[in-house]
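> Chain by chain, the residues:
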Amino acid sequence: MFTQQLINGITVGGIYALIALGYSMVYGILRIVNFAHGDIFMMGTFLGLFFTQSLGMQFYIAFPLSAAATAFIGIFVEKIAYRPIRIADKLAVLISALGVSIFLQNLAQIIWGTETHAFKSGIEVSTFKFGGLILSNIQLIVIFLSCVLMMGLYFVVNKTKIGVAMRATSHNLNSAKLIGINTDRIISFTFGIGSALACIAGLLVGIYYDAVFPIMGYSYGLKAFAAAILGGIGSIPGAMVGGFVIGIVETFGAAYISAGYRDAFAFGILIIVLIFRPSGILGKKLVEKV
Amino acid sequence: MMKNNVYALEIKDLQVKYGVIPALKGISLKVEPGEAVALIGANGAGKTTTLHAISGIVRKAGGSVIFDGKDISNSPAHEIVSMGISQVPEGRGIFSNLTVYENIKLGAYLRKDEKGISEDIQKVYDLFPRLEERKTQLAGTLSGGEQQMLAIGRSLMAKPKLLLLDEPSMGLAPIVVETIFRTIKKINRESGMTILLVEQNAQMALYAAHRAYVMETGEIVTTGTSKELKANDEIRKSYLGLH
Ligand SMILES: Nc1ncnc2c1ncn2[C@@H]1O[C@H](COP(=O)(O)OP(=O)(O)OP(=O)(O)O)[C@@H](O)[C@H]1O
Ligand SMILES: [Mg+2]
Numbered sequence: 001m002f003t004q005q006l007i008n009g010i011t012v013g014g015i016y017a018l019i020a021l022g023y024s025m026v027y028g029i030l031r032i033v034n035f036a037h038g039d040i041f042m043m044g045t046f047l048g049l050f051f052t053q054s055l056g057m058q059f060y061i062a063f064p065l066s067a068a069a070t071a072f073i074g075i076f077v078e079k080i081a082y083r084p085i086r087i088a089d090k091l092a093v094l095i096s097a098l099g100v101s102i103f104l105q106n107l108a109q110i111i112w113g114t115e116t117h118a119f120k121s122g123i124e125v126s127t128f129k130f131g132g133l134i135l136s137n138i139q140l141i142v143i144f145l146s147c148v149l150m151m152g153l154y155f156v157v158n159k160t161k162i163g164v165a166m167r168a169t170s171h172n173l174n175s176a177k178l179i180g181i182n183t184d185r186i187i188s189f190t191f192g193i194g195s196a197l198a199c200i201a202g203l204l205v206g207i208y209y210d211a212v213f214p215i216m217g218y219s220y221g222l223k224a225f226a227a228a229i230l231g232g233i234g235s236i237p238g239a240m241v242g243g244f245v246i247g248i249v250e251t252f253g254a255a256y257i258s259a260g261y262r263d264a265f266a267f268g269i270l271i272i273v274l275i276f277r278p279s280g281i282l283g284k285k286l287v288e289k290v
Numbered sequence: 001m002m003k004n005n006v007y008a009l010e011i012k013d014l015q016v017k018y019g020v021i022p023a024l025k026g027i028s029l030k031v032e033p034g035e036a037v038a039l040i041g042a043n044g045a046g047k048t049t050t051l052h053a054i055s056g057i058v059r060k061a062g063g064s065v066i067f068d069g070k071d072i073s074n075s076p077a078h079e080i081v082s083m084g085i086s087q088v089p090e091g092r093g094i095f096s097n098l099t100v101y102e103n104i105k106l107g108a109y110l111r112k113d114e115k116g117i118s119e120d121i122q123k124v125y126d127l128f129p130r131l132e133e134r135k136t137q138l139a140g141t142l143s144g145g146e147q148q149m150l151a152i153g154r155s156l157m158a159k160p161k162l163l164l165l166d167e168p169s170m171g172l173a174p175i176v177v178e179t180i181f182r183t184i185k186k187i188n189r190e191s192g193m194t195i196l197l198v199e200q201n202a203q204m205a206l207y208a209a210h211r212a213y214v215m216e217t218g219e220i221v222t223t224g225t226s227k228e229l230k231a232n233d234e235i236r237k238s239y240l241g242l243h
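In order, the protein sequences belong to chains G and W.
According to our numbering, the residues represented by the first sequence are 1 to 290, in order.
According to our numbering, the residues represented by the second sequence are 1 to 243, in order.
Since the hints were made in silico from the structure, they are not lab data.
Do not take every clue at face value.
Said to hold, decoys possible - Each computed SDA-like pair below joins lysine to any residue, with the alpha-carbon atoms no more than 25 Å apart: (1) W:161 / G:182; (2) W:105 / G:185; (3) W:112 / G:162; (4) W:159 / W:58; (5) G:161 / W:84; (6) W:25 / G:174; (7) W:227 / W:183; (8) G:161 / W:116; (9) W:60 / W:82; (10) G:161 / W:112; (11) W:105 / G:182; (12) G:161 / W:98; (13) G:161 / W:114; (14) G:284 / W:136; (15) G:159 / W:101; (16) W:105 / G:153; (17) W:105 / G:160; (18) G:159 / W:113; (19) G:159 / W:102; (20) W:17 / G:91; (21) G:90 / W:17; (22) G:284 / W:140; (23) W:25 / W:7; (24) W:135 / G:162; (25) G:90 / G:171; (26) G:159 / W:136; (27) G:284 / W:144; (28) W:17 / G:182; (29) G:284 / W:138; (30) W:17 / G:183; (31) W:105 / G:171; (32) W:17 / G:87; (33) G:90 / W:21; (34) W:115 / W:159; (35) G:161 / W:102; (36) W:17 / G:172; (37) G:284 / W:99; (38) G:79 / W:18; (39) W:105 / G:174.
Please take these sequences and the hints and turn them into a complete structure.
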């Protein structure tokens, strides 16, 4: 029972982590919360639905294709909604983000309606027993893909030139410009990667729960945002850890205490951790820049 | 000294506004190739704003910046670096979570000549032996003086034709300030790198520079050679604390 729940928790945790990364990376670079991220995640999911269902594509083609398309949505959102007001105060950015969020939700409802859709991914579900555990191939795909993507991201950020530029830009935007980094390009890249990961997370939600709906960006987005804060917003490993912690805690809470309070466990753990570590599990101490 | 009458840097009637408040009210200045020129003035005079306008960090409200004969008024910051202007920012702006070595290496971000880069890293170490001793240390744990050396070293890695320095003396003990300025003078006199230096410490600025401009509330009020300015009563009183 315990191990079974742990695996279930890791499965949803991986999904939260993938979404949380987008919040955290953008915050790390621009010190803003992209409140439209949840809806970008939702758009990615529906693009996947469109490619697999309406166009009948195989999922291994539809996945990368929707991820790429969602990356462009993210880049586009930054360009039209955030870039022009980057020097304005944070409240303006927040309002702009809410505008994008409302727009995307309504756009999805116009195109796909307000109802919940089944997500026929074309993957045959098969379960198998392993010791006392019941695992499905879907769970393994979810865990495998989320781990591979996170390792990939870790590699890009730490071992490549564009990763160095991302880190430099997030340390100090002006210094990054002064050593010749095209920071606008790095910001676009960050939005693109974050959005692509969110899209994959959405597709995993689709194949795991077989249900997608236009306001899913709100519930998953909020959980993932909590995960980013829990791990320490701005920190990439923090977003991963935060995602898994939230996924595991809510799964255990739901299994052992009460399924009705699933969300309360997720936000409860957030509150408890923040009391003891205000900057999150792996977050840096919040020092005002001088 | 000048090739085809082209200035290394020429600023014409440059204006910058923050919101509606003017920070630069139309300043003009010229720097010849190989020259070290200082821009001195009190807090809030607009010195940093001038350097940020040259580097493409702030938007210009009017006027132009011409570098090596090319108008760079509307070029983005990263292109300005690639053309050969490198700035050592006010407050140093080092990457504190990276090591000394990584900071220096990042200064060569736009370069691809691996061999030249390693040679230049060694040159930076020769210029500032302290940095070599501390190359694996996190930059944030360096002393203020060492951080300033690191910021200068990082800028030199871009192989600039024009080096902009923003208050290298800030917050440093007099003895450290002297070391830094001796090095700045050396960089200019020995390698012939053109320098535009912003300072509140007029004494040191006039020591390192051939010429200087004096700025007050967004305008240039006086200019002359370092020798002339050191002898100017007004300057002696207001900027050198002499009577
Ligand atoms: N980002 C900004 N927003 C609004 N006003 C600014 C900004 N940066 C500078 N200013 C204002 O512009 C004027 C010039 O500032 P600047 O930083 O260029 O002065 P400075 O000569 O470098 O001063 P210091 O010697 O203190 O560094 C000041 O009045 C300052 O308050
Ligand atoms: Mg200044």
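> Check each numbered hint from earlier against the structure, then list the numbers of those it violates in ascending order.
none
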